[in-house]
Amino acid sequence: MTIGNDDGYECEQRPADVAGHDGEPHVGCSDRVDLTALLDSHRHGDDGDDAALERLLARLEPPLRRFLARRVRAMGRDLDFVQDAMQQSLVAIVLGLHGCRAQTDAELVAWALGVARNQLAELLRREGPWSDSLDDDQAPVVVGESFHTSAGQCDDVDPGLDVLLGVVGRISAALPAKAAALLWMRLIADYEWHEVGAELGISAGAAKLRFQRMQVSLRAHVREQLSELPEPERRSAQAWLTRQLGEVIDG
Numbered sequence: 055m056t057i058g059n060d061d062g063y064e065c066e067q068r069p070a071d072v073a074g075h076d077g078e079p080h081v082g083c084s085d086r087v088d089l090t091a092l093l094d095s096h097r098h099g100d101d102g103d104d105a106a107l108e109r110l111l112a113r114l115e116p117p118l119r120r121f122l123a124r125r126v127r128a129m130g131r132d133l134d135f136v137q138d139a140m141q142q143s144l145v146a147i148v149l150g151l152h153g154c155r156a157q158t159d160a161e162l163v164a165w166a167l168g169v170a171r172n173q174l175a176e177l178l179r180r181e182g183p184w185s186d187s188l189d190d191d192q193a194p195v196v197v198g199e200s201f202h203t204s205a206g207q208c209d210d211v212d213p214g215l216d217v218l219l220g221v222v223g224r225i226s227a228a229l230p231a232k233a234a235a236l237l238w239m240r241l242i243a244d245y246e247w248h249e250v251g252a253e254l255g256i257s258a259g260a261a262k263l264r265f266q267r268m269q270v271s272l273r274a275h276v277r278e279q280l281s282e283l284p285e286p287e288r289r290s291a292q293a294w295l296t297r298q299l300g301e302v303i304d305g
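Numbering of the sequence shown is given in the numbering used here, commencing with residue 55 and proceeding in unit increments.
Hints in this document: simulated from the structure, not taken from any laboratory. There may be inaccurate statements among the hints.
Claimed, not checked - In silico EDC-like cross-links for lysine to aspartate or glutamate, where the CA-CA straight-line distance does not exceed 20 Å:
id	residue 1	residue 2
1	Lys262	Glu246
2	Lys262	Glu282
3	Lys232	Glu246
4	Lys232	Glu249
5	Lys232	Asp88
Remember, it's a predicted structure, so these values are computed and weren't measured experimentally.
Using the sequences provided together with the hints, build the complete structure.
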């Protein structure tokens, strides 16, 4: 279900979808089908299993729409631009699904958000000057078919984010449900502290404090994951994470 905010943009009411699930961050319903299971059914079912594809896109649409609406709103663009970016993103996702290497729901959502980010960047390049960037002073990331094939494809891409998306996806799969949701809502989906708090049933200050407490553990998990990567990828991801964590805590 969506709700409209004061300026007319529709935002998804359940940000826990960013972690790959509806409602509570924890998957508590036995009849829910994992996103990766739907992806597998689409890939290997009869005639591509259109029903599985439709269900997968329906599950991905809420976090994608919110992700795009927040950025488009910040740029002063209208609702039509959100819809254009959404449709272009869904098409790109469908075309890229067979090359997606996500192993968990969190990784699949991260991959889809990266595709959406890239499609929004393409729309901005076609329609206006580069001053309409996605994240104030940050250039867009190109994710492409997987987490690991697109870093370095474009001069204005920070490959650290591309690497980090995959790392965060793997880490979040091992975290407690609420911790994983907090991680995704802040680092990937840019939720405000009061929004995070509302979803977790705590105050904005408590949400911020909880994230601060997670930093030591998060960095330890990231270092462990990054230690297995080639040196260039490891350094770029570490640099991005250091910057982003500083912005999150200061913001």
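Query raised in the report: Does Lys232 pair with Glu246 here, judged by a C-alpha cut-off of 20 Å?
Result: holds (16 Å)
Query raised in the report: Is it true that the CA of Lys232 sits at most 20 Å from the CA of Glu249?
Result: holds (14 Å)
Query raised in the report: Keeping to a limit of 20 Å between CA atoms, is the pair of Lys262 and Glu246 held or broken?
Result: OK: Lys262 and Glu246 at ~10 Å, within 20 Å.
Query raised in the report: Within 20 Å, alpha carbon to alpha carbon, are Lys262 and Glu282?
Result: Status violated; Cα separation ~30 Å.
Query raised in the report: Is the Cα-Cα distance between Lys232 and Asp88 20 Å or less?
Result: Roughly 18 Å separates the two Cα atoms, so the pair holds.
Going down the numbered hints, you'll see the structure goes against just number 2.
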